[in-house]
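In case you want the letters, here they are:
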Amino acid sequence: MKTSKFTKYGLLIALALIMSYIEAQVPVFFAIPGIKLGLTNVVVLFALYAMDFKSAFIINIFRIILVGFMFGNGVSILFSLAGGFLSLLVMVLLKKFTGLKIITVSVAGGIAHNIGQIIVAMLMLQTRSIAWYLLVLWFTGIAAGVLVGVIGGEIVKRVRWEDQN
Amino acid sequence: MKTDRDHENKSEKNTGDRSVSYKKDIIFIGIFILVGLFLAAVVFLTKQTGKSVTVSVSGKDVISFNLDEDREYMIEGKDGGQNLLIIRGGKAWIEEANCRDGLCINMGKIDSVGQSVICLPNEVVVSIGSGEVTDEGPDIVVY
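Protein chains in written order, with my numbering: chain C, 1 to 165; chain Z, 1001 to 1143.
Hints may contain errors.
Unchecked claim - Among the chain Z residues that face chain C by a calculated CB cut under 10 Å, a handful are:
no. : residue
1   : F1028
2   : L1039
3   : V1042
4   : G1059
5   : M1074
Treat the hints as calculated values from the structure; they're not laboratory data.
Yeah, the Cβ is synthetic: ideal placement off N, Cα and C, and Gly gets one too.
Build the full structure now, drawing on both the sequences and the hints.
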């Protein structure tokens, strides 16, 4: 692996950890569990746009495992994995096969993230009664996606992240 | 510079004009919102006041109550977790819990079929059902 890439991974993973820490300090919004701003997704979105899918994937997996061990537990790692990777999958497909803007890609990613988490919750609790919950998470996913998309888009536009071989 | 160039290339591909190039995105986000509204419509149109309250721990149903009978019940969740369930005035809610976040308390009062209060740390789900609890078997089992 090239040193420059290695350094970028380190930087972005560190940034994702800081974002997670900040988010862990902010009380839960609207008193509904699972609702977060998704600030860490800014980092993943950035990696996806300024680098490539592989980088975004690697950064995603490292930040989920590290954050899980630092602030969470086995269950929260499972939730993050489901949400994080469904979201990344949707985003990379939309980015690749449609000409959509980063904000729309981010919104789709936000919704996918929440759907992934709901699926895990359904499997874990063996209940389907949380479909009700999907409604709330659908709209908060859109809202969080817009925010992440705007921030991520501005960062991608401004940061000059050239490959200096 | 690489990213700047990429960005310009992308907007050129999308016919250049900024206001036009957002059309597809607006349609997409519009679809997301419409699907959300559709979900909302389904949820609210099929909404009906429930008859029973079912408590489950770690995926197994533990006990059921009728929603129209006032009572308090201490749910014994996973790993010594406890959630105090209150049924009063046709609504059910968690009054107290010893889980670390207490989110289940914040989830409020529920009374519609399919609604639920969930405590993930204790793996407790309290959900509303449509059928009345029949009096087969004991109402409450005391261990």
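Taking the hints in turn, this is what the structure says about them:
no., hint, verdict
1, F1028, "holds (5 Å)"
2, L1039, "holds (5 Å)"
3, V1042, "holds (9 Å)"
4, G1059, "holds (3 Å)"
5, M1074, "violated (20 Å)"
This entry does not satisfy hint 5, going by the numbered hints stated previously; all others are met.
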